[in-house]
Amino acid sequence: MYNRILIANRGEVALRIIRACREMNIETVAIYSEADRDASYLELADEAYCVGGARSDQSYLKIDQVISAAEVGNVDAIHPGYGFLAENAHFNEICRSCEIDFIGPTPEAMEMLGDKNRARDLARQNDVPIVPGSEGLVESDEEALKIAQQIDFPVLIKATAGGGGKGMRVAHNALSLQTAISQAKEEARAAFGNSAIYLEKYVEHPRHIEVQILADHHGNVVHLWERECSTQRRHQKLIEESPAFNLPDETRQAMCEAAVRLIRNANYTNAGTVEFIVDRNNNFYFIEVNARIQVEHPVTEMVTGIDLIKSQIAIAAGEPLKVTQDQLQYSGVAIECRINAENPEKNFQPCPGTIEQIFVPGGPGVRFDSHVHAGYTVPPYYDSMIGKLIVHQPTRTEAIQCMLRCLAELNVRGIDTTCQMHSEILQHSDFVEGSIDTTWVERTFFA
Amino acid sequence: MADSDSNIFELDRLLELIALMKEHGLVEVDLQQGDQKIRLARAASGEPTVISPAPIAPPAVPVPAEPVAEAAETEDANIHVITSPVVGTFYSKPNADAESFVKIGDMVDNETTVCIVEAMKVFNEIPAEARGRIVAILVDNEEPVDHGKPLFKVDTSS
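Protein chains in written order, with the working numbering: chain W, 3 to 449; chain Z, 2 to 159.
Hints were generated in silico from the structure; no laboratory data involved.
Among the clues, some could well be false.
As the list claims (entries may be wrong) - Some chain W residues judged to face chain Z by a derived CB distance under 10 Å, without partners named: (1) Cys52; (2) Ser61; (3) Leu63; (4) Val68; (5) Glu73; (6) Ala192.
Idealized CB from N, CA, C, for every residue including glycine.
Only chain W is shown next, with the shape it has when bound in the complex (with noise of 0.2 Å):
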């Protein structure tokens, strides 16, 4: 096991990881920049190096920088946490060519699933559905026409490189689908370097249902079941539960055995999470892999009472699944709500600034991950997540009544929060009933 692990990460995240690690009598190295200088966390971690200034792209995303920390605090293994390095292939080579573990999968296994254009050819040989769509990159704006009229509109553009909702496009019918390819193209360009672009069938009213899994270094996958995240605005995540409501057991075995077949014959290890979309009439398809440990991961860790950070570490250290899938074991309604500094009411505008007050809620079930206190103050260059929220009860009626009830006592001074939203959405008889979908949010609420 190792004696030292540095945390790549900041805030909820990697306080989270130094967590895990204290329980597992792991030293923590932190990294913090000039704007985290003074968060509170830090202390909890045995060593802490500033690697640079307040923009991410200044220290946290600095390789360099963070590599320097990994070897001046000799550390054994890296946790890159969730965003900023955690799907960088690159510096996960870095890390094993400088004889540092990275808590994650292999470069190679993270590069072909990080590709969405491979990852869909996988999963077409391993018999797990996509999404009807072009059988690879679309190179020009014929063959792009000539797919969509196959396919039938509406169709989807996206970009292989793509993530967090960048470089998509829908396009309606013929008259619009050169306009969308090159603007999802362009977007592509700009933000990931890369403009190329596949094509499939655009399903509408979707939910996102993934599925949770762990891959030890011994040939052992299990899943965790799914985690629904249909509530969403504009591509962000903003409530996550577990299980997915009213999903035939059927559709969700079938779904949890596509992802773990995906996942093997990808040689894929340590945590990951396989993405799909499901229809209307329970048809579920492939979308791509998240290479790495999610916000929403402490969802499954409720329903299934795992600690998928502990698992992380203990994969990456050699050790094999202490589990079984046999001995998984499933239990109640888990609901996490991500609670930001932002006012809905103007734009979701980010509101950094001090927490002069914070009331944390508690009592049965009740879970809040969070790095603030009052006295912190949120800073305006990072996102603007503050804290999760997760509840956990026997059935799904006593997660939405513990829900609100924590969300009412989540009392924050000094910063707007997205908690009013929160109760809001629990409250609608749409989400009462489960028949919500990715655009069902924005659609009814912000419409």
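Chain W is already provided as a structure; the job is to place chain Z on it using the hints.
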């Protein structure tokens, strides 16, 4: 456990304190018993509110930590502090057998190399970026440093 007569966190005692605060027009009272703390504060409405206790004190001291105390003191306006731009290992000499790049008393200008900070096998030569006399060397040879760590003091009035 503290003796209940003198336990400041007992509900009756707290209620007593809150009443006293109102009576005497006190706005804020900080109490500490052992390593337990509580703060009673009266909000604008006049009703006292209890603010959550401070986070649990951490066991470890971060090393290396914030800039050293000397840098935080009020500096003479003519003293410029050279800080490290990168994380790495500080070397005061170009190699083991050579002389130090600079000693106390040396004059430097903007381009003078004052030290090396080695990061990932890259030996970054750090320029003074100031004109004046070296009056203090704040780190030892082979000491780990990070971004912003003060390395030298330069008297720019010299």
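Okay, the hints, checked on the actual structure:
The beta carbon of Cys52/W comes within 4 Å of a beta carbon in chain Z, closer than 10 Å, and the hint placing it at the interface holds. Among the interface hints, the one on Ser61/W holds; its C-beta lies about 8 Å from the nearest C-beta in chain Z, closer than the 10 Å criterion. Using the Cβ-Cβ criterion of 10 Å, the hint placing Leu63/W at the interface with chain Z is not satisfied: the shortest such distance is roughly 14 Å. Hint status for Val68/W: holds, given a least beta-carbon distance of 8 Å to chain Z, under 10 Å.
Interface restraint check: Glu73/W against chain Z, minimum CB-CB distance 7 Å, threshold 10 Å, status holds. Among the interface hints, the one on Ala192/W is violated; its C-beta lies about 29 Å from the nearest C-beta in chain Z, farther than the 10 Å criterion.
Of the numbered hints given earlier, the model fails hints 3 and 6; all others are met.
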